[in-house]
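Participant: In case it helps, full-length UniProt numbering puts the sequence shown at residues 1 to 418.
Keep in mind the hints are simulated off the structure, nothing from the lab.
Since the model is a prediction, treat every value here as computed from it, not as a measurement.
Some hints here could point you the wrong way.
No farther apart than 35 Å at their CA atoms in a straight line, the calculated lysine-lysine pairs in the DSBU-like style are these [what the hints assert, rightly or not]: (1) K206 with K159; (2) K59 with K206; (3) K384 with K322.
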Amino acid sequence: MSACKKARAEATSVVSSDRLSSLPPELKGDILSRLNVEEAVKTSTLSSTWRDAWTNMPKIFLRDGNFARTKFVTLVDMVLSLHNGTVEMFDISGSKTYHDEFGRWMRMLSRIRPRSVTIRLNSGPGYRIPSCLFSIGDLRVLHLQNCVFSLPRVFQGFKRLTHLDLKNFSSTDIDIQNLVSFCPVLSYLKLASFEGINYLNVQAPKLKRLHVFGDFEDINLDAPNLEAAVLSLAHEAKAQQSVPIAHDKESHVKKSLGDLSGIKTLGISGIFMKYLSKWCILTKFPAVFHRLEHICLVICFWDQRQVLATCSLFQNAPNLKKLDMWSQSLSTWDQDQASIPELTMQVQLDHLVTASVKGFRGVDYEVNFLAKLLSWAPALEEVKIEWTGKTECSMVLAKLLALPRVSPRAKGFQARRL
């Protein structure tokens, strides 16, 4: 019996081996893409048919992790030089410095022409992106971190690029403008923590989602199909000046907000809220956002100008359904204090269903704003609060629960201490 079982086991092993060996190259490549590159290369020892299978992997993920630097350099060189298949995705990240090898890797990468490129090498100064990377015409996704780039003199554009994500980068006004405008089907754009850009000009007819966080003085948006935008000025931005915009004709910011009338989600954070609140928009906002259903705000509730700007935004978002707010700490703002109970502006939020406040400290100006919100929203069902204050939670929660509310469907407050 034991001999029979052993024979059957060997036969099964042979059949399984034959099945693995007979898999088509595309399926082998898909299997190997689920492994890290080092493990995929090791499969070359399975059989002769698997010897070169890893060179057809459609997805390449490279992480230096616990690798010694020299070993990781050798691995990347081998993968980029020997790969001979179609690469759907190339993703490399590392915590060590590879400036000496970076140019060579980018030249090899441009030859295999991947459709998605992610480069996150975050150690050391920014990596200068060579012009060869901008020649990959079939690129669909580009995600770069810790880089410096300028477009080559002859740039044909990324005709198929839909997703552009740049973080911790340095460039110029004209280069970022041309990069975006030469991507005719771009639908997602994220620009975060950048240097060298003062006037941000975004011309993208297919753009649907936009996220900007950085130091810029002015912005112009020409994106008629934009559905969601998050705009944030870093604290170092020049817009900290008491009057950041002297004349409307010199600025596109107000016009750009007016061009967002078809937007569904809007986020305003950083000093951008303060930037807006120092305009004349306190009395008249530049647009009515009929499709706007979700607003995210970082707001200093004790700054009356910010509260008035927020109310002005609410008045011009008649179909708002969801509101998320982050209460900004006092120490990072100037001393434009004002009492919220003095606010006489009446706002009607007929469709608001849920609201949340993060960073809630339980101080009077926050409680008073919530009291106003409850009186403005007849359909409000729930208010969620994430508590960070030192004040006793139960005491303030009792005060909140005692607030009059206009909505008969209001379930009350949900408080959670962070």
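Participant: Does each hint fit the structure? Answer for all of them.
Facilitator: A quick look at each hint next to the structure:
1. K206 with K159: 12 Å, holds
2. K59 with K206: 27 Å, holds
3. K384 with K322: 11 Å, holds
The structure is consistent with each of the numbered hints, conforming to all of them.
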